[in-house]
Structure formats: C-alpha cells, structure tokens
Amino acid sequence: MAAVIDLNGVSIGYGDSAPPVLVDVTLSVERGSFVAIVGPSGVGKSTLLRVVAGLHKARTGGVTIHQDQRPAHRPVGLVFQDARLLPWRKVVKNVQLGLEGLPISAADRLRRAEDALKLVRLDGYARRWPYELSGGQRQRVGIARAMAVDPDILLMDEPFGALDAITRNNLQDELRRIHRETGKTILFVTHDLEEAVHLADRIIVLGGTPARVVRDVKNDAGRDGAVFRDQVEKLRLEIADNYSI
Amino acid sequence: MAAVIDLNGVSIGYGDSAPPVLVDVTLSVERGSFVAIVGPSGVGKSTLLRVVAGLHKARTGGVTIHQDQRPAHRPVGLVFQDARLLPWRKVVKNVQLGLEGLPISAADRLRRAEDALKLVRLDGYARRWPYELSGGQRQRVGIARAMAVDPDILLMDEPFGALDAITRNNLQDELRRIHRETGKTILFVTHDLEEAVHLADRIIVLGGTPARVVRDVKNDAGRDGAVFRDQVEKLRLEIADNYSI
Amino acid sequence: MNTRTSLSLSALGVVAFLLGWEAVARSGVVPAGLLPSPSAVPTAFLAEVQRGIWQKMVVASLSHYAVGLALGTFLGVAFGTAAALWRVWDAFQSWVVRMLRPIPAIAWIPFAIIWFGVSEGAASFLIALTVFWINYYASYSAVRGVDKDLIELGHAFGQGGLIPRLFKIILPGALPGILSGLRAGLGQGWMTVVAAELFGISGLGMRMMEASGLLATNIVVLYMVTIALLYGVSDFLFMQVQARVLSWQR
Amino acid sequence: MNTRTSLSLSALGVVAFLLGWEAVARSGVVPAGLLPSPSAVPTAFLAEVQRGIWQKMVVASLSHYAVGLALGTFLGVAFGTAAALWRVWDAFQSWVVRMLRPIPAIAWIPFAIIWFGVSEGAASFLIALTVFWINYYASYSAVRGVDKDLIELGHAFGQGGLIPRLFKIILPGALPGILSGLRAGLGQGWMTVVAAELFGISGLGMRMMEASGLLATNIVVLYMVTIALLYGVSDFLFMQVQARVLSWQR
Amino acid sequence: SRAADPVKLEIGYIPILAASPLFIVDGQGWAKDAGIALKLTRFESGPHAIQAMAAGQIDLLYAGVAPVLVARTKGVDVAVIANSAVEEMVVAGRGAFAKALGANPTPDTFKKFFADTGRKPKIGTQPPGSVPDTVLKHWLFKVIKVDPADVELVPMGIEKTQQALLAGALDAATIREPTVTVTQQLDPNVTLLATGAQMFPDQPGTVVSARAEVLKKHPDAIQALVKAHLRAVDLIAKDPAAASKIVNEYLGKGLMEPKTLEAAFRGPGSKFVADPHGVVPAVEKMMGFAKEIGSAEGVIPVAEAFDFRFYDAAVAK
Ligand SMILES: Nc1ncnc2c1ncn2[C@@H]1O[C@H](COP(=O)(O)OP(=O)(O)OP(=O)(O)O)[C@@H](O)[C@H]1O
Ligand SMILES: Nc1ncnc2c1ncn2[C@@H]1O[C@H](COP(=O)(O)OP(=O)(O)OP(=O)(O)O)[C@@H](O)[C@H]1O
Ligand SMILES: [Mg+2]
Ligand SMILES: [Mg+2]
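Residue numbers (this note's numbering), protein chains in the order written: chain A, 1203 to 1447; chain B, 1203 to 1447; chain C, 14 to 263; chain D, 14 to 263; chain E, 2 to 318.
No wet-lab data here; the hints were simulated from the structure. Since the structure is predicted, the reported quantities are computational estimates derived from the model, not experimental observations. Note that CB positions come from ideal geometry on N, CA and C, so glycine has one too. Careful: at least some of the hints might be erroneous.
Claimed, not checked - Derived Cβ-Cβ restraints for the label pairs, each shown as a range:
| id | chain 1 | residue 1 | chain 2 | residue 2 | range |
| --- | --- | --- | --- | --- | --- |
| 1 | C | S40 | E | P269 | 51 to 59 Å |
| 2 | B | K1436 | C | R17 | 53 to 61 Å |
| 3 | A | K1436 | D | N15 | 44 to 52 Å |
| 4 | D | Q68 | A | T1262 | 54 to 62 Å |
| 5 | C | S132 | E | A213 | 19 to 27 Å |
| 6 | B | A1308 | D | S260 | 44 to 52 Å |
| 7 | D | S260 | A | T1411 | 24 to 32 Å |
Unchecked claim - Listed next, the stretches of chain C that the computed footprint assigns to chain D, with coverage defined by at least 3 CB atoms under 8 Å from CB atoms of chain D:
| id | stretch |
| --- | --- |
| 8 | 110 to 122 |
| 9 | 203 to 212 |
With the rest of the complex left out, here is chain A:
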C-alpha cells in the first residue's frame, strides 16, 4: 500500500536558536495503518504530531502528506492533547468547526456534529458551554470534533488521557471499529503502553535527547493474553533504556 505520511530526515525545534527537540526522524506511514507513538513525557510526541498536521514547520528534512481530496471531508483530523475548545461556542458548534467551509448544508453539518457527539457519549451536552463540562467531557468534545470531519488521516494526541476505564474502553472499541470499517490512517500518541499494544498495528518509540525514533515495531501481539503482556513489557524496557528526560 502507498505511504500517506512521509517524513524524511526531519528535525524539529522551537524558536530559532534553541537546540532541536527531534532530530533525524524518517518515517513512512502506510495508508490504513494504525500507528501508536509512545515515549517519555516531553520527548516530542505532540511536536511530531503538530509537524505532521502542518501546524509547525520542520527545521530541516521533508514532510510529505498525500492527501485525498474528498468533498465534504477534511484530509486530516487532529485531537489536541488539551481539549482546546473555543470558549465562545457551545459544544455542538465546537464540533462543527471543521465542517464549516465544506460544501455541505447546515442541516448536514448539524447531523454530523450530533452523530460525532453520540459517538463520544455526549448527546445530551450539545447546548452546553465548554466551561460547563468536566475534564473528560471536554476531551471527548475534542475527539468528536476531529471525528466529525471524517478525515483520511486521524492524528490523536493522548485522546483518552482523561477518561475513566469504561468510557475509555468504549471509545477504544469505537475507534477500532471505525479504523476497520473506513480504513483511516491513524497516528495515535499515548502514554499508556497497554493501550498502544491493544490498538495499534505498529508502535513507534521516541527517546533520547534530542529525541529520535529508537524503536519501530510491528505489533501483532493480539488484544490480550501472554503475548500481549510480553509486548508491553518489552516496550516498557525499551523506553526505560532510552529514558533520559
């Protein structure tokens, strides 16, 4: 299958003079794959995602995203690590943000937003202001917002970080179903190794200072059982070895 995300010797930093955060990242993500990115706090996972989303310029190297232009869809959907809702829009309007400017009717927009809210179990909260939500509810609105645009590439930065076990399981199942049914390419940052092994078919470990890709493993450990636990344990050791922040 074709690569939809191609990073070639990319190095990334903040400001003009500070040392780079990530160096020499070469990465090619195939269409329809589910890639988890793990690594210690502050290693550069969010930064990498922002570069892929085109929100931050790489210092050097090539970043290519092969986007399909489907009408009424955005090629890339992003779930931020903080929920990042527009405080002046009610929940349902926040979810519609990415749909605005697409050639669809207002009724369609509303319907898609409501569907996305249903997906994250927030049907009853459409008319609330963001400040009236709990932390986990806010995060779920952020997920719904990315889902509503029905993107080919879904970039998720710790999307389930603030969710309880049950909600999280539900949403993991939904995400897996969507991945299976629609063949979206998913880049998924998580701090939870179980989650990574549970969901992804490929796991990328970032580590070191400045950070680079230290491991890039195909994950077919299944969803449970001894192989699963082995895989998690192996990753844990891997990260611990390259843990320097």
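Given chain A, put chains B, C, D and E with the ligands in place with the hints provided.
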C-alpha cells in the same frame, strides 16, 4: 485515628436551579489514609474535590476539614485536573505560589520550589515559561506546586493523567514514599483502576445520576498478583453497573 | 446579586450624587451662577422643550453622534485589527499613526471645514476621529492578545484562511477587548460632540457653548444632564447586549 | 521580522506620509496658508527655539501632561478595578459614572478654575480627567475578563485574600487589557493638553491657539509635530516596556 | 439674476452683540426682499471663521477686523466692506480689585493692591496680538501708566475669561457685550472699570468682510446687503427695544431676556458705526502701538484691505 475530612449528607450542584451533580455524600476520611476516588467521566469527582478544598460551596450538608496549623505549611494542597499554571510566571515562580505569604525566607521558598521540581523530574525547567512546556511537563509543575506547600491533606485530581508509563511509575513510587514517611492524608482522583488499586488503601466509587457514593471499599489487594487483578476486575464491574453518564 | 438589588443600589447612588450636588450648589461654596442646583434643571427643561430647541438639538446631536460613532468604531476596529494582524503593515504605519494620534479634535477643525464645509459631515468626522483612536488601540491590543493555541486550532480545522480565521477565531477571541474599546468610544464620542459643534453646526454642544457664553448655567447643566442621560441609556443598553454576547465568559 | 526591517519600514511610512503632505500642500488643493508644507517646519522650529519659546512651552506642557497622566492613570486603574471587583460598589456608582463620563473637558473648565484657579493644577486636572475615563473602562473590562479558573487557583493556594489575589492573580491577569488602556491614555492625554491650556495656562496648546488665532499655521504645525514627536517617543518606549512586561504572552 | 432665482450667500458670525445688524437684516427679511437667500453660520472664534472663509465655505463674515487683516497676509483674498461696531472691549473687574481701582485708577492703586493682598492683580484677556490684548495694554501702560511688573496678564479664550472672572480666579478681564451686561446682572460684584473709548479711542471692532471672489460675482447682491446693514444699524440706534426683540431670536434665545439685550444696546459697551472709513486710521494706530510693545512684528498695509465702494454707494443714494 481521627477523621480529617468529614462530609455529612452533602449535595453539590452548579448554578442555582440546575439539578445537583452529587447528592447525599457522607464520607469520613481518616488522618493518614490514602483514598482513591473513581467513577465515570463527568460523574462529579473534580467537583467533590473542589468542595473538599473549599473552592465550591455545597448546596446542603456539612463539610468539615480538621486542619492542623503548622507554620510554613498550608493545610491543603490541590493538584488540578488541568495544570492551571499562571502564564505570567516562570515555572519556578509557579511552584512558589503557595509558599508566598508563609513565614519563610525567599531563599527557603526557592529551595523548597526547587526540591519539588526535582521530585517531579523537572530540575532543568525552572526558568521556562509555561507555554514552553509539554502537556505532561505542565501537569508535573502542578504536582510540584502542591507538593511544595507540604500539606497535611493532598487533593489530587488525575495528577498522572498525562504521563508516560515510566514517569508515572516514578511519581507513583515517590507519592507512596511520601505518604509512608509523612503520614499525609491523600485524596486521589483517577480514571485508572489499576492505579487506584495499586496506590490506595481505600477506594470510593461514585456513580449514578445524580451521583452518589456507590461503593466504599477497603483495599488491601497488595500491589500485584492475582488478588490485585481480582480487585481491579471487581471495581470495573461495579463501575460498569452504575455507569449511567 | 439580582437585578432588583442592583437597580436600587444604582438609584441610591444617583440620589446621593444629586443630593450632594444640591447641597454644594446651595451652600454657596461655588460662586453663584457657575453651578446651578439640579432642582433648576426641570424648569430649564420645560422652557427649552416649549421653545422646541431641546428636541431639535437632541435630534441633531444624536445624528452627528450616531454617524461619527458608527464610522469611527468600524474604521478603528478595522485598522486596529489590520495592524495587529500584518506585521509589515504595522511597521509601515506605526510611526505615521504615532504622528496623527495626539492631534486634538480642535486642531482637526480646519481640515474638517476644508473637507466637509460647515456641515453635519464635519461634526461627524471629528467625532469619528476620537472614537477611531480608542477603538484602534483597543482592537490592536485585543487582537494581539488572542490565544495562539486557538489560532493553531483554526489552522488544524481548515479555518486558517484569512476570512474564517478572522471571523471564527480572532474576532470572537478579541471580542471582550474590542467591546471594551467600543464602550470607551461610546463615552468619548459624547465628550467630543461638544468640541465638534464649536463651529456653527447646531446641536447640544453648540447650544451648551452658547449658553455658557451667556452664563446661562442652568441651560448648560440641562444639556449636560441630557447628554448624561443619552449616554447613560446607551451605555446601559450596551452593557445588556455585551452581557448577552459574552455569556460564554463566566 | 527583525528590528532593522521593522524600523526601515517605519521610516518608509513616515517618508511616504511627509511626501504626500508636501505634495498636497504644494498642489494648492488646500487653500494657501491653511496647510503649510512640512518643509516649512524646520525654519519655524529654529525661530521658536531662538526666541526660547519652544523650550519653555515643551517643558510646561510636559509637566502638565506627566502629572495629569500619572494621576489619571493611577485613579482610573484603581477605580476601574474596584468597580469590577465589588458588585455592590459597582451597582452603586454605575449610574453616577454614566452621568459624569460624557461631560467634555471643556465643560469641566469652570470647575477646574474654581478648584485650582488659573494654574498648572487646573490643566493637569483636565488631562487627568480624560485619561481617567479611558483607564477606568479598560481596567474594568480587563479585570472582569480575568480567567475565573486562575482566581480559583489563587484561593486554593492561600492567595485568596484581597491583597494577594489582587496583586498575584487579578492585576497580572488583567495586565494586557490595563496596558492597552494605559497606551490609549498616553495619546488621549496629549489630545487634551491643547484643550487644557485654552484658559491661560502656558504650554504647547496655548502657543498653538495663539498662533492659530494669528493664522500662523507654520507655527501651529511646528507644535503639532512637536506633540507628535513627544507622543511618538513615549509611545515607542511604552511599547518596548510592554513587550518586556508581557513577554509571557506568545 | 432673476427674482425667482435668489443669490445664495453664506454669512459667518461670532455670537456677540456686534453681529446684531446681521440678525436684523435676516430677521426682518430685508435680504430676502432684495433677492438674497442668506445662510447664517455661527463660529466660536474669528480664526475658525477665517479658516472656513479661506476654504471657500462662507462668503461673508461678521467678525473682528484683526483676523481679516491677518488672513490677507496669508494670501486669503478678503476685503472689509462695512463696519459694524467699535469700542466693544471693556474692562470689567470684581471684588477688592474693583473697589481699590475705583473711578480714577492710578499706577499706585496697583502697587497698593499688591501691598494689601500680597499678589499682583490678574487680568484675563486674549493672546498677545489680538485686539483685546492690545487695547488692554494700551489702557494699562499708556493711559494709566501702570508698571508692567505690577500686573499679571492671563491670556485665554474669550468665554473662559468670563467664567474665570465669575469664579474669582481673575480680578479683571476684557469682555464685550452682551456678556458685560449679563455678568453684571449675575454678580453685582462685577463693575465696569474702563469703557472701550477709555481704553483706546475708536478701538476697532467688528467689521463686515467678504471674499473678493464673491464681490466680483454678485456685486448687486452685496450692494443690497450693505444697504440693509446700514438700515439695521440705524434701527438699533433708533429703537433698541425693537432691535433687541429681533436679535434675541438669534442671540441667546431662551438664554436671556430681550430686556437684557436692550440694556446691552444702551450700555457703554455698544457703539454701532457702519462707516468703515474711520476704522482705517484706528487700526493703523493700534498696530503702531502693538509694534511698539512688541506683540506684532511688522505693520500690515491696512487701507488696501478695505473696499469702500459698497458703503459709499449705499450712503450716496
Ligand atoms: N461550571 C459548570 N456548570 C454546570 N455544570 C458543570 C460545571 N462544571 C461541571 N459541570 C458538570 O458537572 C458534572 C461533574 O463534573 P466533574 O468535573 O466533577 O466531573 P468529573 O467526575 O471530574 O469528570 P472527569 O473524569 O471527566 O473529569 C459533569 O456532568 C459536568 O458536565
Ligand atoms: N513553545 C515551546 N518553546 C520551547 N520549547 C517547547 C515549546 N513547546 C514544547 N517545548 C519543549 O519541547 C519538548 C517536546 O514537547 P512535546 O509537547 O512535543 O512533548 P510530548 O512528547 O508531547 O510530551 P508529553 O507527553 O508531556 O505531552 C519538551 O521538552 C518541551 O519542553
Ligand atoms: Mg504532548
Ligand atoms: Mg474531573
């Protein structure tokens, strides 16, 4: 031992007319205990913590906190679910916030802030602005800020929610050590049942609409092994049964 | 605090103010003829209304004010936002703006006369000018202060183009600051009405100056109270609208 | 964009402005004698400096300005903050403020004369007044807009008392808005200097009025340029300081 | 032009008693009878009005002679076509200073005032170079021969002088009708210290001026207007009561009674003279004095600013 936190038939809500979020919470937390609070997203965990911290008034019922007045300490330390740093203060100044107004010298204040930052593995980040931090780093500054005031009661709202496995394990170990050595009373909100069973000696499950305490179990499942896994499973079912949000 | 309490507190404040004024006026601390007591206002009001002057002046000034305010606000917000958005434009105009900014309304009068003649337009121009500056700076700083994270959010969700970014992220985000400028302009506009009517354009300001020249202070005060009421009502309404518009702020 | 580029862009802007002005002045579009060309300013400047008038007027006006600005800014921020913090006080004063707000500087002159006589104090008072209002409203809205979460944070960490809450949370949080008011006041103050010197207090404004009465427009323009420069420099410095103070904003 | 198609003339004025002839011309409909449509525009001060005139926004102006002369030096082509009033400015004083000065002021009264109160008397007037300033100085330094060191002159706007006088911030001020009468009615402490004639005999006052272009384009209309102006000046002299009623419609309607205006017309501060010929030497004399005290740099040719044709034709018939 004596109860340091006493809630008596407390009900809590936002606004004046909206239905209550939590009702009929009666809870007594003993000095030196480590209590985990779990429950689905949006059930009212953060709200409960804010009432205990005195930041939100209960609608009915009695809230009593038995505070010791030790000099140079604050009785209660709170870790918010969002990091909530003051954007106009550098990291080290953010950590010192709670120390200001206490009868200690500026040098002491700085030392305690730096110690707290060391605890959360952010020694090198003291002079950064909050916006220059990653999500997990921000959360750790929030933890350091609460630790710096050396409180008798530590209220933590998903403090490790955004941390990778290794950092999280480190901090869990630190927290356990501090609890053991200083005998602080800790109220710990988490969405992670393993973490709850791993750390706490008492677990409170919130559930229902409006929410109430649906389970209040003594946890002596140990830190690992089959009993541990049983306990986690039992809690998971408990929550699933009362899952209504 | 509910609306009832707050309204009665306001009434209390106004009554206290009027009583204090009346006391000062009667005490003779202030030379007679310079400060009439507020109780002189109703009589003056009736007289002016009967002569038909009051209505005419109010309508005239209101129209200068409305035009000037609308124009000044719109242009001020537009230019302030533009300067805050484009660094090149900002750098280009910053010192020109610095040169024009401190020029007082009075010094603009000759230009107003040249451009508009002795006409309503000239008065509106002068009012627009003051209102412009206030809105320019308020918008500039408000737009500069918009959370960069939200702008990034806009980019991520296809709202990075100028128009959607402006209308979906920047202007709503800057709205509290912009509205505060609008409100300040609301008052500053009235303050300028008087200066703008100094040269032959009829309205409250002209009548006030005329009365002041003839030391008819009760008429002066009548028109000051008139301006105060007109402003008070518009400011009150503005605050109501603002509370609606900013209901997303806690 | 670095400082060099931005400075040269500014210079470009000013040059373009001056050229445009010179062109208009020479074209005869504007009646002769009403708009001198900028090239007439240096001669006028030399003449005024030789007479010693320029220096005297600049010093005089600067002192009125500085006193008025400092006073107006301090009181404006203080009262605006107070009104935003205490709802009861806010309700009590809101309508009184609405009555006083639109009263123009010119209408205050009699009171300034009564309270201060024909003195420097009166001029400073009038300047303080305009500056006061701008800062009052800017601070009011900035303080109202402070993130409630941060105030809660203060309470949680023992900074809930009035003084620490004010100085550690509210004022820093409102700082961008307050500074924007300060900046607007900086310019508004100069705009008022002229009006404040209309009644016998010597300074730039008085000299301008004098010259304007004699249609000595080159002198008028000289002082306008002087005001522009004084303001330009202070605004520039203010922006530098502000960039420092707000460096925590991206 | 035909009668059905009136000549439109815009006339500016300063709201002072000396503009009364204009109000009468308009109020009595004399201009309309002559086929002229007048539009009156009020100005706060001469310079603003002159600026409007230079910009071609108004055609004629009732204002002081000084701004007209100054405007001519700035290349604005205007000419004086008639006079309206002279000796307008008077000195009004209040309180202790007025009492001390009495009817026969001498330099010593100023010195004594200083000795008694510990401060120099403050006298409000307009900026140096203006008519009020010049004639006040003439009165002080030429007529009474006061030592300049014994008095403080405060230059300010016309209207501010009255307010400052009433507020007690000034001991005396140069003011003109109708505020002289109004001020005295309001505050009995205010008394007249010197009339215009005492300050500077024939002191120049308000004149009627017009843009040269208008003079060329509508000579007939201007002629008719000057005639009406003469008629109005006559009316004021003959029947101040009737004149005051008409004028009140324009000046201080609702702000003062016609009685007040009538008193002003009859008062010592009011001397209406339509003949512009006498103004020329008076202005020349005044400018000579201004140059002497250093408030004017050069002497402007005065006579060529006057266009006597219309007045002469009007009185000839
Ligand atoms: N300011 C508010 N106004 C109205 N409702 C609110 C407000 N804040 C929270 N709520 C509601 O109160 C309920 C409890 O919120 P709370 O933040 O305590 O949940 P939580 O248990 O901490 O959830 P999470 O795990 O998602 O953080 C939620 O349903 C939320 O929507
Ligand atoms: N605006 C910025 N300026 C300077 N440094 C920054 C900035 N933003 C992030 N950094 C630094 O870049 C590094 C990578 O940040 P990033 O947010 O990508 O980490 P992360 O892997 O997502 O961490 P976490 O798991 O804690 O969210 C961190 O060390 C952080 O301190
Ligand atoms: Mg991150
Ligand atoms: Mg919560």
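Given a hint of 44 to 52 Å, does the C-beta separation of A1308/B and S260/D actually sit inside it?
violated (22 Å)
Coverage assertion for the stretch 110 to 122 of chain C with respect to chain D, Cβ distance below 8 Å, three residues required:
holds (count 10)
Assessment of proposed distance window 24 to 32 Å (beta carbons of S260/D, T1411/A):
Since the Cβ atoms of S260/D and T1411/A sit about 26 Å apart, the hinted range of 24 to 32 Å holds.
Are K1436/B and R17/C spaced within 53 to 61 Å by their CB atoms?
holds (54 Å)
Starting from the hint 19 to 27 Å, judge whether the C-beta atoms of S132/C and A213/E obey it.
holds (24 Å)
If I claimed the Cβ atoms of K1436/A and N15/D lie 44 to 52 Å apart, would that claim hold in this structure?
Hint holds: Cβ distance 49 Å, inside 44 to 52 Å.
Could one say that the CB atoms of S40/C and P269/E fall in the range 51 to 59 Å?
Violated, at about 35 Å.
Three residues or more, CB to CB closer than 8 Å: is that satisfied between the stretch 203 to 212 of chain C and chain D?
With 6 residues in contact (Cβ-Cβ under 8 Å with chain D), the coverage given for the stretch 203 to 212 of chain C holds.
If I claimed the Cβ atoms of Q68/D and T1262/A lie 54 to 62 Å apart, would that claim hold in this structure?
Because 58 Å falls inside the window, the suggested range holds.
Checked against the numbered hints given earlier, the structure breaks hints 1, 6 and satisfies all the rest.
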